[in-house]
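Participant: All chains should be modelled from the sequences, with the hints used to inform the complete structure.
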Amino acid sequence: MTVSKDLTFRPTNQASGLRRHACCADNRAAIMRGGLEKRETSAENLSYAVSCFGQVCPFGQEVKSQVLGELHVARCGGRRGRLIFMEDGKSKTFVLVHGAWHGPWCWERVGGYLRARGHDVVCPQLPSDTADAGQDEYLAAIEDALRTRSDVVLVAHSMSGLLAPLAVGNRAVSSLVLLAALVRRPGTTWADNGLEPFAEPMRKVLIRATFDESARRVLDPADATELFYHDCLPADAADAVGRLRPDATVMYQQTCPDLPERKVPTTYVSCRDDRVVDSAWNAAVAQELLGATVREIDGGHSPFWSAPERLAELLAELA
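Sequential numbering from 1 applies to the sequence shown in the UniProt record's numbering.
Source of the hints: derived by calculation from the structure; they are not laboratory data.
Treat the hints loosely; a few may be bogus.
[Claimed, not checked] If you anchor each label on the Cβ, the simulated ranges turn out as follows:
1. A280 with G169: 23 to 29 Å
2. Q254 with R208: 21 to 27 Å
3. G194 with D239: 31 to 37 Å
4. E309 with D132: 35 to 41 Å
5. D220 with S91: 40 to 46 Å
6. P265 with G187: 22 to 28 Å
7. D151 with D220: 40 to 46 Å
8. A191 with S91: 39 to 45 Å
9. R310 with G187: 24 to 30 Å
10. R203 with R245: 19 to 25 Å
11. P127 with P260: 20 to 26 Å
All C-beta atoms in this analysis are idealised placements derived from N, C-alpha and C, irrespective of residue type, glycine included.
Facilitator: Printed below as a string of structure tokens:
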């Protein structure tokens, strides 16, 4: 867990009180245990710099930072940002799995914040736009992401919650986070549940759903904006909607196998203004089947896009 507090830093010529490693978003500059470490950077006129979420800070301005202890940053400054300090040995691997209509791109913002904290991040591509792909192919994509890794926090958003509980039999998984996720019971198909697991706005869209020539479900851009990105900036919403792809339907018609006997700590994260899933229904199933702890956050169905920093902080806490 990353423990932090807000401090304001001004340029000085020394570093003091540093007890932990500081992680930088682009790895071009870092503050290390015991003082400042100079690293090569392509930016001009920089002696020491820190990266604030991927942007190198120019010398001479103060930085609003979130850190573990008192620290003075030598010749460092720039736009408002954060330095993230993590206790040694607490680095985790996060496997972030996207939901229907989406792809690995939806995690790029959260992934950046987690990497800035020193974590490893992997975002597998599910074959959710492949017309004949079933749950075996989806699970294979998740298993590929787990291969050769250990101490993994498996995070499943929305549709991928139908699959992620089946992957915890892999000993690489140390914990499971179901984010605004759909959850199903063994021995049932997803179609058996009808519209009950969905929020009312999503039910209306599913009733009038359209399909392409490959029987993949296609979303109208206006519907996608209202369902997924209503709490995002308009430009951000348009960017995301432009990346959506058709969603194959074979997997939803297949029977869920028995869950693995192996259990891991599981958290169901519900979003208070979710217009896609019925959080209470799905959280209850997650509690029943997985013994999940339920956490609630503000916002809609896509906090990875509307509030990525806040979500990254929560995931780091849950790890």
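Participant: Now tell me, hint by hint, if it's right for this structure.
Facilitator: Hints, verified against the model:
For A280 and G169, the hinted distance range of 23 to 29 Å is satisfied, since their beta carbons lie about 28 Å from each other. For the pair Q254 and R208, the beta carbons lie near 24 Å from each other, so the given range of 21 to 27 Å is met. Evaluation of the 31 to 37 Å hint for G194 and D239 yields a pass: the beta carbon distance comes to about 33 Å. A hinted range of 35 to 41 Å holds for the C-beta pair E309 and D132, which are about 38 Å apart.
For D220 and S91, the Cβ-Cβ distance of about 42 Å falls inside the hinted range of 40 to 46 Å, so the restraint holds. Distance hint for P265 and G187: a CB-CB separation of about 25 Å, consistent with the stated range 22 to 28 Å. Restraint check, D151 to D220: a C-beta distance of roughly 41 Å satisfies the suggested window 40 to 46 Å. A C-beta distance of roughly 41 Å is found between A191 and S91, which places it inside the suggested range of 39 to 45 Å.
Against the hinted window of 24 to 30 Å, the Cβ-Cβ separation of R310 and G187 comes to about 37 Å, which falls outside the hint. In this structure the supplied range 19 to 25 Å holds for R203 paired with R245, their Cβ-Cβ distance being about 22 Å. At about 22 Å, the CB distance of P127 to P260 agrees with the hint of 20 to 26 Å.
In summary, the structure is inconsistent with hint 9 from the numbered list given earlier, while agreeing with all the others.
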